[in-house]
Amino acid sequence: MRHVGLTGGIGSGKDTVAALFKELGVTVIDSDVISHHITQPAGAAIDTIRKKFGEMYITADGALDRALMRQLVFSDSAARRRLEAVLHPLIHAQLLAHAEINNVSGAQHSYLILVIPLLFESSNYRQLVQRTLVVDCTEEAQIARTMQRSHLDEKIVRAIMASQVTRTERLRHADNVIQNNGDLNTLRQQVDQLHQHYRTAFL
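Sequential numbering from 147 applies to the sequence shown in our numbering.
Please keep in mind that the hints were generated in silico from the structure rather than gathered at the bench.
Beta carbons are placed, not taken as given, at the ideal position from N, Cα and C, and that holds for glycine.
Mixed in with the good hints there might be a few duds.
Here are the computed lysine to aspartate or glutamate pairs in the EDC-like style, where the Cα-Cα straight-line distance is at most 20 Å [unchecked claim]:
1) Lys198 x Asp222
2) Lys197 x Glu230
3) Lys168 x Glu246
4) Lys301 x Asp222
5) Lys197 x Asp176
6) Lys168 x Glu300
Here are the simulated distance ranges between beta carbons [unchecked claim]:
7) His182 x Asn249: 19 to 27 Å
8) Glu169 x Arg228: 33 to 41 Å
9) Arg227 x Ala347: 33 to 41 Å
Modelling step: build the complete structure from the supplied sequences, incorporating the hints.
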């Protein structure tokens, strides 16, 4: 079973591309889903976050206050690194565990997708995959989509983008690229073509 690392900047359309692969029967394991799970009430990261950042970053029901933490980490790079030091080892371990379960249990296709937004920012994540797939779009599209979807102001969106590798760097490391500057049908065609390519390449 081969692992394809799906990545892209914020607002690039990773979730949409992942959903299209799912429609084709491909197993998709999403690190953002894992991140949300471990920061829910009683999640694996909550106690450490409470100790390192304080009670104010935990909501009344015991979950991570994502909005408040976002304000902190995208204005304070040291705080962002502290949070990443808590989350990334837990996410990495669960990604690996989920992938190994699929490797053993067998899947419909000869590859699976690992959605990892920070794939190129971490060598540990990079070691989990044999192929990298970047969803690319213009920076203007990233900003507009993220502001509309997440109701964040432009300053926060640009700060998030600045914390990620550049578009140029991301494309330089990509084995395959999907362009997401058009409509859904165009995106679907690219996913279908790559799916057929992967099925042949990973026999």
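Status of each hint after checking the structure:
Proposed proximity of Lys198 and Asp222 is supported: the alpha carbons are some 14 Å apart, at most 20 Å. For the hint linking Lys197 to Glu230, the alpha-carbon distance of about 15 Å falls within 20 Å, and the restraint holds. Restraint check for Lys168 and Glu246: satisfied, since their Cα atoms lie roughly 18 Å apart, inside the 20 Å limit. Restraint check for Lys301 and Asp222: the C-alpha separation of about 14 Å stays at or below 20 Å, so the hint holds.
This hinted pair does not check out: Lys197 and Asp176 have alpha carbons roughly 27 Å apart, beyond 20 Å. Distance restraint check for Lys168 and Glu300: the Cα-Cα separation of roughly 31 Å exceeds the 20 Å cut-off, and the hinted pair is therefore not satisfied. The hinted window of 19 to 27 Å between His182 and Asn249 holds, with their beta carbons roughly 24 Å apart. For Glu169 and Arg228, the hinted distance range of 33 to 41 Å is satisfied, since their beta carbons lie about 38 Å from each other.
Taken as a hint, the range 33 to 41 Å holds for the pair Arg227 and Ala347, whose Cβ atoms sit roughly 36 Å apart.
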